[in-house]
Amino acid sequence: MKIYVFKRLLLLIPLLLGITLLTFSLTNALPGDPALSLVGERAQPEVIEKIRKELGSDKNIIVQYAGYLRLLLKGELGRSYYTNRKVFDDIVIKFPNTIKLALGAILIAVPIGLLLGFISAYKRNTYIDRLISSLSITGLSLPVFWSGLLIMLLLSLKLKLFPPSGTGDLRFLVMPALTLSLPAIATLARVTRTSVIEIFDMPFINTARAKGLPVMKINFVHVFKNALIPLVTVIGLDFGSYLNGAVLTETIFGWDGIGRFTMEGIIKRDYPVIMGCIMVGTVVFVLINLVMDIVYHYIDPRVRLHDSDR
Amino acid sequence: MTLTGKLSAVLIATIFSLSILSPLISPYDPEKINLDSIKEPPSFKHPFGTDNKGRDILSRVLYGGRISISVAIIAASLSMGIGLIMGLCAGYFGRKFDTIIMAFVDLILAFPSLLLAIGVSIILPPGIYTVMIAIASVGWASFARLIRGYVLTLKEAPFIEAAKAIGCGDSRILFAHLMPQCFPISLVMMGIKLGGYILTEASLSFLGLGAQPPTPSWGSMVSMNRAYIASEPWMVLFPGLAIAVTSLCFNLLGDTMRDKFGLKIRT
Chain G
1 MKIYVFKRLL
11 LLIPLLLGIT
21 LLTFSLTNAL
31 PGDPALSLVG
41 ERAQPEVIEK
51 IRKELGSDKN
61 IIVQYAGYLR
71 LLLKGELGRS
81 YYTNRKVFDD
91 IVIKFPNTIK
101 LALGAILIAV
111 PIGLLLGFIS
121 AYKRNTYIDR
131 LISSLSITGL
141 SLPVFWSGLL
151 IMLLLSLKLK
161 LFPPSGTGDL
171 RFLVMPALTL
181 SLPAIATLAR
191 VTRTSVIEIF
201 DMPFINTARA
211 KGLPVMKINF
221 VHVFKNALIP
231 LVTVIGLDFG
241 SYLNGAVLTE
251 TIFGWDGIGR
261 FTMEGIIKRD
271 YPVIMGCIMV
281 GTVVFVLINL
291 VMDIVYHYID
301 PRVRLHDSDR
Chain P
1 MTLTGKLSAV
11 LIATIFSLSI
21 LSPLISPYDP
31 EKINLDSIKE
41 PPSFKHPFGT
51 DNKGRDILSR
61 VLYGGRISIS
71 VAIIAASLSM
81 GIGLIMGLCA
91 GYFGRKFDTI
101 IMAFVDLILA
111 FPSLLLAIGV
121 SIILPPGIYT
131 VMIAIASVGW
141 ASFARLIRGY
151 VLTLKEAPFI
161 EAAKAIGCGD
171 SRILFAHLMP
181 QCFPISLVMM
191 GIKLGGYILT
201 EASLSFLGLG
211 AQPPTPSWGS
221 MVSMNRAYIA
231 SEPWMVLFPG
241 LAIAVTSLCF
251 NLLGDTMRDK
261 FGLKIRT
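These protein sequences, in sequence, are chains G and P. Note that the first sequence ends on residue 310 in this note's numbering; no numbers are left out. Note that the second sequence ends on residue 267 in this note's numbering; no numbers are left out.
Keep in mind that the hints are not guaranteed to be accurate.
Stated by the list, open to error - Derived, one-sided and incomplete: chain P residues facing chain G with beta-carbon distance under 8 angstroms:
#	residue
1	Leu107
2	Phe111
3	Leu252
No lab work stands behind these hints, which were simulated from the structure alone. Remember, predicted model here, so these are calculated numbers, not experimental data. We put the CB at the ideal spot given by N, CA and C, even for glycine.
With the sequences and hints as input, model every part of the structure.
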């Protein structure tokens, strides 16, 4: 177990290097001087000179990349062209809001998605199953920026239940979290259905039935526990889709997280902001996946066995 | 083919032909500003209403379909082409080549896809070609992974051994023997992915990175008109509906194709 975690942590190093290499190439491909594109043209000449020296703009590309890594390690993601604030500082302020939104979406998505998936699997090939399946594929096909606007129109502008936009307490959180949870509910329902059906057909469920266990016990103890295992990965992987969706959802609902920060960066062509958000978003995504992998490893004895075989 | 599969295929064909024929059938010029008919609700004259510049929304949705659908399809073909070649080479040659390509694939799949696509599109001037490149530069990875796995199982097949025995070169084996075998699963994968690409294109347009105004595209129409959601909801409703229906049809078709060919592809 410890060896596995250690191995996974080691694998993180090339992955993070790869990510920085990609963002570095993107930054380098941006129009203009990379030093200028980090701090903006309005920065004081000595600041530009300092960044340029750190980046090693005059030296070869490997030295430049090393300089870029050094800056990143210091938490220097550059400064916004417009506010002249450090991008990293802004991200530190805004990121908790995005996490709040993502957690809200997970809290909505997991129970509903699991429930729908279970019902679908138990009522396999009936009209209820078909209804849930069509609902979930529809959920996957809706563009979040549009479903968000419809939710806003219905819940806020017509029914006046929630404030239409802004950042703040729970009342502000409900609509963006609901919007963000729609595709996640759909994915979860689909995966749960497949996973539960697979377990239904396993011999140990037959055994449980044959020895006369009550149906509820079979459902909750045998099926539920085993079906949950692959779902952990899906819930973790969905975090990426939350980060994708956050850019659109936060923009619509004026939620002050890094998604809206990214969108504002795009509109103003504020490159340090965009690159900073991509960088931080990806690193967080990778770290969450790592945690999920380890959790997965921990809860599923089969994976552990398989690993020690190798 | 199931009923849903057939139905979605028919709907896609309809949406296709409507978009292709848009110059002939759309009632108005999609870019013509008409200040006499601003923000009109849906009526016989304007079935989808008009926007804040008096442009007919039905015409704009029809024309927008050309852009949204063609961008998604070209991006999907690009992804498939790159993924096919990369996957073939990685699977067939193995060793270092395989390691390097798969490292790239893993790296790309490690990114939240829309964020990476945003990263790619900001370094190029905004427009439909940028969106295609952005989608393809992320999308090829899943094709490459699929094809590589498939080639690994094919490589040991007797017909490849036979081809080697009669002295075929690597390129002949790759392109004349292995590639045709990979086409069917690539096409199924493309069917599965297209619905998602429609959404990605719409999202990038929504963020202002796609087709530039006044050219209509579904995503940018929702984005431009969203300020009017409270008073003139039809301005947002119809372009969004177009995205949702198109993406849904592609997703249904993709599912049908996957079930039919019995492929275990993760979506």
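Outcome of the hint check:
1. The closest approach between the C-beta of Leu107/P and any C-beta of chain G is roughly 4 angstroms, which is under the 8 angstroms cut-off, so the hint is satisfied.
2. Taking 8 angstroms as the C-beta contact cut-off toward chain G, the hint placing Phe111/P at the interface holds, the least distance being around 5 angstroms.
3. Proximity of Leu252/P to chain G holds as hinted, the smallest CB-CB distance being about 6 angstroms (cut-off 8 angstroms).
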